Amino acid sequence: MRVIRPECRIEPRVNEAIRYMKCTGFNDSDFINKVNTMANTLSESILPLGCYHYVNIAREGGKVDIGFGKINSRLLERALEGCDRAALFCATLGQTTDRMIEKQGNISSLDQMICDALASSAVEVWADKIEERIKGELITNPRVSPGYGDFSIEYQRDILKILEAERIGVYLLPSMQMLPSKTVSAIFGIKQVQ
Amino acid sequence: MNIVEKLKSSLTYFDGGFGSMLIERGLAPGENSTLWNLTHPQTVLDIHREYINAGVDIITANTFGANPLKAINYAECIKSGLDIANKAALECSDRKIYVALDIGPLGRLLKPLGDLEFEEAVSHFANIINAAKESSCDFILFETFSDSLETKAAVIAAKENSNLPIFVSNSYDESSRMLTGTTPEAMCAMLEGMSVDAVGMNCSVGPAQMLKTAKRLIEATSLPVFACPNAGFPHEEKGTTVYDVGEDEFSDIMRDFVRIGVNAVGGCCGTTPTYMRKVIEKSRNILPVARRPVSERTVISSWANALYIGEKPLLIGERINPTGKPKLKEALRRSDFEYILKEAIAEQDAGAHILDINVGLPEVDEVSLMSEAVTRIQAISSLPLQLDTVNPEALENALRIYNGKPLINSVNGKDESMEKVFPLAAKYGGAIIALTIDENGIPSSARERADIARKIIDKAAEFNISKKDIIVDPLALAVSSDINSAKITLDSIKIIKEELGVCVSLGVSNISFGLPQRDFVNGSFFAMALDRGLDLAIINPLSFEMQKVYNTFLMLNSMDEGCGNYINFASNIKAPEVATAALPESGAMSDKKPISLNEGLKKYIVEGISKAAAECAERLMEIVDPMEVINREVIPALEYVGGEFEKKRMYLPQLLMSADAAKAAFEVLKKKIPAGNAEKGKIILATVRGDLHDIGKNIVKTVLQSYGYFVIDLGKDVKPEAVLEAAITNNVNFVGLSALMTTTVPSMKDTITLLKANIPDIFTVVGGAVVNEECAKMVGADAYSADAMATVRIADKYFGN
Chain X
40 MRVIRPECRI EPRVNEAIRY MKCTGFNDSD FINKVNTMAN TLSESILPLG
90 CYHYVNIARE GGKVDIGFGK INSRLLERAL EGCDRAALFC ATLGQTTDRM
140 IEKQGNISSL DQMICDALAS SAVEVWADKI EERIKGELIT NPRVSPGYGD
190 FSIEYQRDIL KILEAERIGV YLLPSMQMLP SKTVSAIFGI KQVQ
Chain U
52 MNIVEKLKSS LTYFDGGFGS MLIERGLAPG ENSTLWNLTH PQTVLDIHRE
102 YINAGVDIIT ANTFGANPLK AINYAECIKS GLDIANKAAL ECSDRKIYVA
152 LDIGPLGRLL KPLGDLEFEE AVSHFANIIN AAKESSCDFI LFETFSDSLE
202 TKAAVIAAKE NSNLPIFVSN SYDESSRMLT GTTPEAMCAM LEGMSVDAVG
252 MNCSVGPAQM LKTAKRLIEA TSLPVFACPN AGFPHEEKGT TVYDVGEDEF
302 SDIMRDFVRI GVNAVGGCCG TTPTYMRKVI EKSRNILPVA RRPVSERTVI
352 SSWANALYIG EKPLLIGERI NPTGKPKLKE ALRRSDFEYI LKEAIAEQDA
402 GAHILDINVG LPEVDEVSLM SEAVTRIQAI SSLPLQLDTV NPEALENALR
452 IYNGKPLINS VNGKDESMEK VFPLAAKYGG AIIALTIDEN GIPSSARERA
502 DIARKIIDKA AEFNISKKDI IVDPLALAVS SDINSAKITL DSIKIIKEEL
552 GVCVSLGVSN ISFGLPQRDF VNGSFFAMAL DRGLDLAIIN PLSFEMQKVY
602 NTFLMLNSMD EGCGNYINFA SNIKAPEVAT AALPESGAMS DKKPISLNEG
652 LKKYIVEGIS KAAAECAERL MEIVDPMEVI NREVIPALEY VGGEFEKKRM
702 YLPQLLMSAD AAKAAFEVLK KKIPAGNAEK GKIILATVRG DLHDIGKNIV
752 KTVLQSYGYF VIDLGKDVKP EAVLEAAITN NVNFVGLSAL MTTTVPSMKD
802 TITLLKANIP DIFTVVGGAV VNEECAKMVG ADAYSADAMA TVRIADKYFG
852 N
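Here the protein sequences line up with chains X and U, keeping their order.
Following the working numbering from start to finish, the first sequence increments by one per residue and tops out at 233.
Following the working numbering from start to finish, the second sequence increments by one per residue and tops out at 852.
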């Protein structure tokens, strides 16, 4: 497991956050200003951390095994197609972001909704950056996360365990929700480099 | 010689990484290494032997991951781990080898950010420590802790279940912060307050990065300090993990730790016996550095930062105290934390450095309310708190769960008070406000008040509480009942500071009790007290007068370099406030703007302008019956917005802004309506057990409140039993439940089943990201709600509105 930290500030994508709030097209200037101001405050408060780990892919009867038994998932099989190695990673904005979202809830639910949406977009930004950095020159497939399609969310447990994600302060609830709440885990296949 | 004496007398060596040694010998990623005590005891023994042969003094038993949450047979693992370590230690004949019971974090996040109860964490650690009694060890080592609250739970468990020395090692990143954002100074404040025996740091970074943190620990504590960095950062080479700092570089840098006065060094991930051998070779002959005694600074802390008292006067926000505050009283009776947290945020934004927390009312359960207030405020604020209560049980519970080292308000010169408060402060840590009052009352001379202060300081020493942790409050009494009272208090400040050398605090506004324009008096008295050397002032930080005095004082007393702070303060005052500052209606800073009734309450609500809506409601109320204002202005405005939202002609932010404006108007109008009459019905909302996402539920709450419903918000991760209890206690028949994940939908079903079994006419409505009509039927709910407006419609129908 390797820990990874951002090389620059992680800025949320404002337009993406607005889309999460189903507010695309709502061009009220007060609202847009509020979102932009919050984006600034948020990016100052987040303490992003990530970790990653390489695994070898074994296959048996078409099923893939990345270190914790055969996985029944077409989505994952497709994501790892043509690969014999994969990278697992986890990206989190840290506890301070959850505190910030909690605090906004005591100001107003609108502020909280905006802060939450921005944080969701920021963790995607951070996940993209981590993916990019691990990838480097490698040829890879797009990433997938447990909980999508038929890739059961139950695999979150194994993935976080292999990643020793606790070391970057990421914990799993019995409901498979990750804490801090703005955390992403994912896997992508690495193609044999020519 | 015990381990603490050893550390104080000579440079001591810890062993290096254990996990990485096991990985080399076949430990799989994610496998719990402590199980190897049972499956590979010889390997574990051999690793200890290698470290002893390398020359270390301390070996850490392979018990890091042996906890009830990670290994069912943890007790067995602990016993065998210690037995193996003791065996290795006894084999060494040329020197004493010390064995540490190594305890790591539990692997779950504590409330309020996680789901683990504080006392549950304490009992897990207690179980670990008690399991170790089946074998033996020289001290307890809490290692790689990255959460200050979990660290506190661990130390409490150790103090309550063992007399062994306690060493605490936290993990700091390159910026010297823990994962929770905690600084080394804040950790030292808390740990020294709890009287642990040594503090240190391990893991996370290599020696070069850790050196900075070590320097800060040395500056911040008088306790022995130890350091065990990683062999740099790991990377992969040909399928194996390699660390980027080799033995030579590692051992070179470790010499610098010794040179700055670190008492013990060792290694963490990636460091092997060879590393330790080199470290010992190179550092053994460095002359021991006498640690510079840490100045007797008074310090308190929050989960984030340490706050030093006595350097520059600081402000304690007094607004979370029900005395004379009917709204807060009402909020406390209803356990309405929304109000309390808003006050906390307002005080913090106004520049308070510490928040006083007093929730004492005869008719509330102060013990549980105090703990909950502390937890909830700490979840959203990084300011240190002052725990203000006369109830020893409330104080103890709050001290346990307080994340950091708090201020305790208060002790006084009565034996009874000192005997109750000092043992608690000695156990949990805390700086204590000492009131100069004793069995004979409040003396009427400064000299006698100083005498009581001296008596308190002496008594504290008997409990090993140092003078630096006593802050004397010489008490300000109403000048209206004794014209000398201000003078006595001011003289006391001077005498106490000069003769006793302690910090002084004062509840400033008592001075003006019974007088008109109290802020005039408070402001002048505050300035005089600051000039005498007041360190802490309990005031209303939202008072313009007090802020004016404070900010000018700092500048005039050379505490505001370049006058930057003052200029910032002064230039942010809005014009009307400067003009009316001489004759304020109240002391509060508000930005009142003139409003015209022609603009109409309806318009403000539709446009979502809260302040204008509240002010407009205030004016309207003078001429029209408030119920009529609600029916003719508020409701139609909300209906319009709600309708537009449903027709997708308005967006959710608009609905929420209007809801906030309507809520603001309601708050004003309610004052003139008999209690309860303005409420359309009582509703319980909760995010179900296991689910920690409550943004959606909060949105529903805001909109329901704006429509005049009284909402009891039980928060997130709420157990079915808690929902039932709240429904019965508050006599509520309408319950809304939310869930974000498919995995928590079963909790929804459990809650509804329990409710229906106990309250036959209960009505339940469910919603959330994964919930739909079909899912609602499946869990047995009476209704499904797609969004906030839909919930309002369902409630209106149910309550016949």
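Hints may contain errors.
Stated by the list, open to error - If you want a taste of the chain U side facing chain X, the calculated C-beta under 10 Å gives, among others:
id : residue
1  : 177
2  : 198
3  : 284
4  : 423
5  : 427
6  : 792
Stated by the list, open to error - Chain U stretches covered by chain X per the calculated footprint, using a threshold of three residues with CB under 8 Å from any CB of chain X:
id : segment
7  : 227 to 233
8  : 307 to 320
9  : 406 to 412
10 : 456 to 469
11 : 699 to 705
Hints are computed from structural coordinates only; laboratory data are not their basis.
The model shown is predicted, which means the values in this text are computed figures rather than measured ones.
Ideal placement from N, C-alpha and C gives every residue a C-beta, glycine not left out.
Results of checking the hints against the structure:
1. Hint status for residue 177/U relative to chain X: violated, with the closest Cβ pair at about 21 Å, above 10 Å.
2. The beta carbon of residue 198/U comes within 8 Å of a beta carbon in chain X, closer than 10 Å, and the hint placing it at the interface holds.
3. The beta carbon of residue 284/U is positioned within 10 Å of a beta carbon in chain X (closest approach about 7 Å), and the interface hint is therefore held.
4. Against a cut-off of 10 Å between C-beta atoms, the interface hint on residue 423/U is violated, since the closest Cβ of chain X lies about 14 Å away.
5. Because the smallest distance between the Cβ of residue 427/U and any Cβ of chain X comes to about 9 Å, under 10 Å, the interface hint for this residue holds.
6. Checking residue 792/U against chain X: minimum C-beta separation of about 5 Å stays under 10 Å; hint holds.
7. Residue count for the segment 227 to 233 of chain U with a Cβ under 8 Å from a Cβ of chain X: 4. That meets the three needed, and the coverage hint holds.
8. Requiring three or more residues with a Cβ within less than 8 Å of a Cβ of chain X, the coverage given for the segment 307 to 320 of chain U is violated, as only 0 such residues are present.
9. Here's how the segment 406 to 412 of chain U fares: 0 of its residues keep a CB closer than 8 Å to some CB of chain X, so the rule of at least three is not met and the hint is violated.
10. For the segment 456 to 469 of chain U, the stated coverage by chain X is violated: 0 residues have a C-beta nearer than 8 Å to a C-beta of that chain, whereas at least 3 were required.
11. Using a Cβ-Cβ cut-off of 8 Å, 4 residues of the segment 699 to 705 of chain U lie near chain X, which meets the minimum of three, so the contact claim holds.
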